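Peer 1: Each residue of the sequence shown is one higher than the one before, starting from 1 at the first, in our numbering.
What the hints contain is simulated information worked out from the structure, not anything from laboratory work. Just so we're clear, the structure is a prediction, and the values are computed from it rather than from any experiment. For glycine and all other residues, C-beta sits at the position ideal for the given N, C-alpha and C. Among the clues, some could well be false.
[Unchecked claim] Estimated spans, in silico, between C-beta atoms of each pair: (1) Arg44 <-> Arg204: 46 to 52 Å; (2) Asp246 <-> Ala377: 44 to 50 Å; (3) Asp287 <-> Ala264: 26 to 32 Å; (4) Glu32 <-> Ala242: 48 to 54 Å; (5) Ala103 <-> Ser206: 29 to 35 Å; (6) Arg269 <-> Arg119: 40 to 46 Å; (7) Asp134 <-> Arg290: 43 to 49 Å; (8) Gly247 <-> Arg433: 42 to 48 Å; (9) Glu32 <-> Asp257: 43 to 49 Å; (10) Gly247 <-> Ser139: 58 to 64 Å; (11) Asp287 <-> Glu205: 21 to 27 Å; (12) Pro183 <-> Asp134: 48 to 54 Å.
[Said to hold, decoys possible] Mimicking DMTMM-like on lysine to aspartate or glutamate, the simulated pairs with C-alpha atoms at most 25 Å apart in a straight line are: (13) Lys18 <-> Asp222; (14) Lys89 <-> Glu178; (15) Lys89 <-> Asp101; (16) Lys418 <-> Asp131; (17) Lys418 <-> Asp393; (18) Lys18 <-> Asp101; (19) Lys89 <-> Glu385.
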Amino acid sequence: MGRIDRIGARIPTHRAPKSREALAVALADAREYTRRCYAHLAGRDPVFPCIATVNPARWELGHVGWFQEYWCRRHEAGAPARIPSECGKPSRIANADALWDSARVPHDARWSLPLPDWRAIDRYLDDTLADTQDALAASRDGERYFFELALYHEDMHGEALLMTLQTLALPPPRGLREPPGVPASRSAGGDLAFPGGNLAAGSRESDARDRFVFDNEMRAHDVRVAPFAIAGSCVTEGEFAAFVDDGGYGRADLWTDEGWRWLASAGRRLPAYWRDSGGSFEVRWFDRWRPLSPGASVQHVSAHEAQAWCNWAGRRLPTEAEWEFAATALPSGDDGVANLDRSIGGPVAAAAADGGAAHFIGNVWEWTSSPFLPYPAFAPGAYAEYSQPWFGDHHVLRGGSWATRSRLVHPRMRNFYKPGRHDVFAGFRTCARD
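Required output: the full structure, derived from the provided sequences and hints.
Peer 2: Listed below in structure tokens is the structure:
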């Protein structure tokens, strides 16, 4: 078991755009990727099923343009109004607020809206980006917040677009590389022991000078963390397959009551995108099946499945404070080689070559045992719907995935989903039980 002290800890490098020019480039890059995600499907105008984890293609693309237009062109910086119809500036598309304001348009209603056709959506994405670039060029120092908000909102939707393609077994975007298979022979490493102590959790006001800070990261506060030991790497596909082979999906004693009800409702005996192919498992990668990759981090498992695996293995999920304590103690933040930015279209080897800490940043989002709750002295940001409506019934994930942008993720960022979500590019690492 390795041991890491907090002396000399450094937070991994955050590659956020610093200058106005770099931010303009990042906005264009995000828009290009948004369009590329569905470019191979646009001519087919696919009809997506009305399910809770998916949005209609033209709704999602239009919403991205609408959000950017609202916050960067129509909304007055510093204005308290949030209701688009009260902001005083019209959208480029008639009735855009009634079509794409996610706070006003119920999810199920998005399939019956009179959405513009693909060509009009394409023009809208062009026009809203051009308007945003003009507004950014004319902005003053200190007015970056809403441009950064639009950027990172679009980055998140870029990852969500990939989740949709995976959910619906549609082809991946052109150019996305299929991840290589990883054999099981690679060392999975062991636990890293931490002495515990005081964690300065969350973000400070001063952090906003160097990177974008979401409202749920605020305010910085002290958390006392007891000594703990956390796995240097995430659970692999091979390790999860052993749980499946041992009948883990049929043993109620391994599941929480909520998890067992979820499993019964889902009616599954395997992870969502797995199948038994003549005695061996295959895993679906978008629209194609491939052999299980025993040494790669498992992904597309829910928090319920992660907890059941932990109970089977005699382990537990880390709290988000333990995860942050460990991630910010790493001396070099994975040395800047984290699996991010869709450079490879899936998880790579879970373990580090030297058996030490691996992929606290990137590869797969990591479930924690912590419910998503406000930090002390939390105050909602200008985009009040980002965090506040979801406190209590979501769980915290940390670290980012292969599909997350490096400019977005850092060790203090809190992602959050309902514990039954299996479409997220999420896996988990574990802690030793006391």
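Peer 1: Would you mind marking each hint as holding or not holding in the structure?
Peer 2: Each hint, compared with the structure:
Against the hinted window of 46 to 52 Å, the Cβ-Cβ separation of Arg44 and Arg204 comes to about 48 Å, which satisfies the hint. Distance hint for Asp246 and Ala377: a CB-CB separation of about 46 Å, consistent with the stated range 44 to 50 Å. A beta carbon spacing of about 29 Å between Asp287 and Ala264 agrees with the range 26 to 32 Å that was offered as a hint. Between Glu32 and Ala242 the Cβ separation comes to about 42 Å, which falls outside the hinted range of 48 to 54 Å.
For the hinted restraint 29 to 35 Å between Ala103 and Ser206, the CB-CB distance of approximately 30 Å keeps it satisfied. Look at Arg269 against Arg119: about 45 Å separates their beta carbons, and that is inside 40 to 46 Å. For Asp134 paired with Arg290, a C-beta distance near 45 Å keeps the hint of 43 to 49 Å intact. A hinted range of 42 to 48 Å for the beta carbons of Gly247 and Arg433 is inconsistent with their spacing of about 22 Å.
For Glu32 paired with Asp257, a C-beta distance near 46 Å keeps the hint of 43 to 49 Å intact. Here the CB-CB span from Gly247 to Ser139 is close to 59 Å, well matched to the stated 58 to 64 Å. In this structure the supplied range 21 to 27 Å is violated for Asp287 paired with Glu205, their Cβ-Cβ distance being about 46 Å. Checked against the hint of 48 to 54 Å, the pair Pro183 and Asp134 passes, with Cβ atoms roughly 52 Å apart.
At most 25 Å may separate the alpha-carbon atoms for a hinted pair to count; Lys18 and Asp222 exceed this at roughly 29 Å. Proximity of Lys89 to Glu178 is assessed by CA-CA distance (about 44 Å); at most 25 Å being required, the pair is judged violated. For the hint linking Lys89 to Asp101, the alpha-carbon distance of about 15 Å falls within 25 Å, and the restraint holds. In summary, the hint linking Lys418 to Asp131 is not supported, as the alpha carbons are separated by about 35 Å, beyond the 25 Å threshold.
A hinted pair counts as satisfied when its Cα atoms are at most 25 Å apart, and Lys418 with Asp393 qualifies at roughly 6 Å. Taken as a hint, the Lys18 and Asp101 pair is broken in the structure, with Cα atoms around 29 Å apart against an allowance of 25 Å. Simply put, Lys89 and Glu385 have alpha-carbon atoms about 21 Å apart, close enough for the 25 Å limit, and the pair holds.
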